[in-house]
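*Asks:* The opening position of the sequence shown corresponds to residue 608 in my numbering, with each subsequent residue numbered one higher.
The set of hints was computed from the structure by calculation and includes no laboratory data.
Accuracy of the hints is not assured; some may be wrong.
No more than 25 angstroms apart at the CA atoms, straight line, and that leaves these computed lysine to any residue pairs for SDA-like [claimed, not checked]:
id: 1; residue 1: Lys1124; residue 2: Ala1100
id: 2; residue 1: Lys883; residue 2: Val689
id: 3; residue 1: Lys1077; residue 2: Leu946
id: 4; residue 1: Lys1124; residue 2: Lys739
id: 5; residue 1: Lys1124; residue 2: Arg1095
id: 6; residue 1: Lys883; residue 2: Ala936
id: 7; residue 1: Lys1076; residue 2: Leu934
id: 8; residue 1: Lys907; residue 2: Leu1012
id: 9; residue 1: Lys1076; residue 2: Lys907
id: 10; residue 1: Lys1076; residue 2: Ser950
id: 11; residue 1: Lys1077; residue 2: Leu1019
id: 12; residue 1: Lys1124; residue 2: Glu1007
id: 13; residue 1: Lys1149; residue 2: Ala1100
id: 14; residue 1: Lys907; residue 2: Ile865
id: 15; residue 1: Lys1076; residue 2: Lys883
id: 16; residue 1: Lys1076; residue 2: Ser1151
id: 17; residue 1: Lys1076; residue 2: Leu1012
id: 18; residue 1: Lys1077; residue 2: Leu1011
id: 19; residue 1: Lys739; residue 2: Phe666
id: 20; residue 1: Lys1076; residue 2: Ala936
id: 21; residue 1: Lys1077; residue 2: Arg1196
id: 22; residue 1: Lys1000; residue 2: Lys1077
id: 23; residue 1: Lys883; residue 2: Ile865
id: 24; residue 1: Lys1000; residue 2: Leu1019
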Amino acid sequence: MDLSGFVVQLLNGLAGASSLFLVSAGLSLIFGVTRIVNFAHGSFFMVGIYLAYTLVTRFADTLGFWPALLCAALLVGVLGAVVEITLMRRIYRAPELFQLLATFALVLVFKDAVLWLWGPEELLGPRAPGLKAAVQILGRSFPAYDLFLIVVGPVLLGLLWLLLTRTRWGTFIRAATQDRDMVAALGVNQAWLFTSVFALGALLAGLGGALQLPREPASLEMDLNTIGAAFVVVVVGGMGSIPGAFVAALLIAELKAICIWLGVVNIFGTSISFSKFTLVVEFLVMAVVLVLRPWGLLGKPQPLSRHAGHIEAPLTAPTRMTTTLQLVAVALLVLLPWLTSSSPYFTVLSIDLLVAVLFATSLHFIMGPAGMHSFGHAAYFGLGAYGAALLFKTLGLPMELALLLAPLVAGLGALLFGWFSVRLSGVYLAMLTLAFAQITWAVVFQWDAFTGGSNGLTGVWPAAWLADKKNYYFLTLSCVVLSVWLLRRMLYAPLGYAMRAGRDSPMRADAIGINVKRVQWVAFVIAGVFSGVAGALFAFSKGSISPETLHVSRSVDGLVMVLLGGIQTLAGPIVGAVSFTWLHDVIARNTEYWRAMLGGIILLLVLLFPEGIAGFVRRMSLRVTGKGQT
608 MDLSGFVVQL
618 LNGLAGASSL
628 FLVSAGLSLI
638 FGVTRIVNFA
648 HGSFFMVGIY
658 LAYTLVTRFA
668 DTLGFWPALL
678 CAALLVGVLG
688 AVVEITLMRR
698 IYRAPELFQL
708 LATFALVLVF
718 KDAVLWLWGP
728 EELLGPRAPG
738 LKAAVQILGR
748 SFPAYDLFLI
758 VVGPVLLGLL
768 WLLLTRTRWG
778 TFIRAATQDR
788 DMVAALGVNQ
798 AWLFTSVFAL
808 GALLAGLGGA
818 LQLPREPASL
828 EMDLNTIGAA
838 FVVVVVGGMG
848 SIPGAFVAAL
858 LIAELKAICI
868 WLGVVNIFGT
878 SISFSKFTLV
888 VEFLVMAVVL
898 VLRPWGLLGK
908 PQPLSRHAGH
918 IEAPLTAPTR
928 MTTTLQLVAV
938 ALLVLLPWLT
948 SSSPYFTVLS
958 IDLLVAVLFA
968 TSLHFIMGPA
978 GMHSFGHAAY
988 FGLGAYGAAL
998 LFKTLGLPME
1008 LALLLAPLVA
1018 GLGALLFGWF
1028 SVRLSGVYLA
1038 MLTLAFAQIT
1048 WAVVFQWDAF
1058 TGGSNGLTGV
1068 WPAAWLADKK
1078 NYYFLTLSCV
1088 VLSVWLLRRM
1098 LYAPLGYAMR
1108 AGRDSPMRAD
1118 AIGINVKRVQ
1128 WVAFVIAGVF
1138 SGVAGALFAF
1148 SKGSISPETL
1158 HVSRSVDGLV
1168 MVLLGGIQTL
1178 AGPIVGAVSF
1188 TWLHDVIARN
1198 TEYWRAMLGG
1208 IILLLVLLFP
1218 EGIAGFVRRM
1228 SLRVTGKGQT
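Using the sequences and the accompanying hints, generate a full structural model.
*Replies:* So, in structure tokens, the structure goes:
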């Protein structure tokens, strides 16, 4: 921990901040104008570095190194324009969450496209000509290319400032950020304005990726790793604020650098490894900022959307026909092991489907009736799974008792995190739930002595009477059916009516005496408890558990299930969970490029059934019976 090491680490942080700023600036620009939370933005970063590798290695003699990097960024900008024209224009009026689902599908498509074009191996590009050497700073070597990156960030910030404040196009952009409908009313071609913004945002992400080529190899994991960090920067800086993104990128990058410099520190006889905090420091910063200043460091409260979606019809009690169909479905599920006795794997798949149904239903409980968007629901699934495993292995409790107590562990986590989260709304609430989920994941991932660290826990097997998969299937079926029934009954209870009142009109609900935040907090905890039930069932079904159970990818899977089925229908999460899990299993077993096929199917469903599969079926049934609008 000497001065020279400290200075070098700060310079490393500045270099990393420049690349992170480029990606975040593009994401912030797109969100500010289009109001789309673009999950595919990290994919543009990944495509940028792969295109740069190809252009530099194959056309360096013709183009030269630096023009090749610029050409890669321009090609990514063109790709962004194509995506906006062919896809995004069709979903601008759709609810925000369906836009999110479409961009997530793009992530899957882009990942397999890159896999097909460049293969699975990491690709290491050449060093930048003229900047291959290192310079001496306080007796330590520092890459000259990193000094170049330190300069790039502020220069591009200045260029973006000039573009947005000194040009007519920039005036339109700033106006659209405040009120895009008014800009359209004044005669501005809104479609092409959105296209240009999306292209510029993609270009900045592609440039950020291309500039990373001399620093790190191109890999297929860059998209999700980058988009997570970029989201954090944009939220911390303020959604839609370019200077805010720059400040946040500097803050987060330098905090990571300081953690690396500190290393392992002995405090009062206890060794603390600050270097491990690099996995979670950005999410800690985001959590603190969102709690203290919900709109970010330099952000402003977002205006209410004029297109919040259709007003949902009140919930009605299920008809006799619906109840009969539900009972028939349960009866078929009971008979399923005997109907599929020739295929033992189908029983295993059925357990996974049931667990997915409960996980998606618990998430829908707060997303649909309560109107709370969560990007971190996997935290409670994972807490339930780890709670069951630790109660079983560490405390030596019987499997049955561990299964009963594990949801309480998840509920305690939801009780704590929900108290902070429900104070926010919209995308800010979603990002805070993501922050808490990532913090939980980092703790589990690094606490080797207690959670097993990255290796997880093994030997989490059910009781002897459940060793037969059929018996465990019936246990899972019983738990899931009972849990789904309880969640549905609560929606028809006073709690459910209060949840929907707080969702549809918080001010009116507050005026009639409903404590909206308390109701949302209670709903958040209930959803966490039932997600924990799903996690505990999952742990004993697999016999082992790992940190992947809490990873953000599982939260995204839950979102996809809910949206795919339809958020405005009670059957939506069930239909979505079964459809997504079955499609994932079938496609993954039959093709190497299963992500692209799954993403393509999701895109098709989003375009054809914007209300979800179950929502579409409900609309068609109402039309057939003459109860819906023609």
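*Asks:* It remains to establish, for every hint, whether it holds in the given structure.
*Replies:* Do the hints match the structure? See the list:
no.: 1; hint: Lys1124 to Ala1100; in the structure: 18 angstroms, holds
no.: 2; hint: Lys883 to Val689; in the structure: 40 angstroms, violated
no.: 3; hint: Lys1077 to Leu946; in the structure: 12 angstroms, holds
no.: 4; hint: Lys1124 to Lys739; in the structure: 56 angstroms, violated
no.: 5; hint: Lys1124 to Arg1095; in the structure: 21 angstroms, holds
no.: 6; hint: Lys883 to Ala936; in the structure: 49 angstroms, violated
no.: 7; hint: Lys1076 to Leu934; in the structure: 23 angstroms, holds
no.: 8; hint: Lys907 to Leu1012; in the structure: 43 angstroms, violated
no.: 9; hint: Lys1076 to Lys907; in the structure: 54 angstroms, violated
no.: 10; hint: Lys1076 to Ser950; in the structure: 12 angstroms, holds
no.: 11; hint: Lys1077 to Leu1019; in the structure: 32 angstroms, violated
no.: 12; hint: Lys1124 to Glu1007; in the structure: 35 angstroms, violated
no.: 13; hint: Lys1149 to Ala1100; in the structure: 35 angstroms, violated
no.: 14; hint: Lys907 to Ile865; in the structure: 29 angstroms, violated
no.: 15; hint: Lys1076 to Lys883; in the structure: 40 angstroms, violated
no.: 16; hint: Lys1076 to Ser1151; in the structure: 16 angstroms, holds
no.: 17; hint: Lys1076 to Leu1012; in the structure: 22 angstroms, holds
no.: 18; hint: Lys1077 to Leu1011; in the structure: 20 angstroms, holds
no.: 19; hint: Lys739 to Phe666; in the structure: 20 angstroms, holds
no.: 20; hint: Lys1076 to Ala936; in the structure: 21 angstroms, holds
no.: 21; hint: Lys1077 to Arg1196; in the structure: 23 angstroms, holds
no.: 22; hint: Lys1000 to Lys1077; in the structure: 24 angstroms, holds
no.: 23; hint: Lys883 to Ile865; in the structure: 12 angstroms, holds
no.: 24; hint: Lys1000 to Leu1019; in the structure: 20 angstroms, holds
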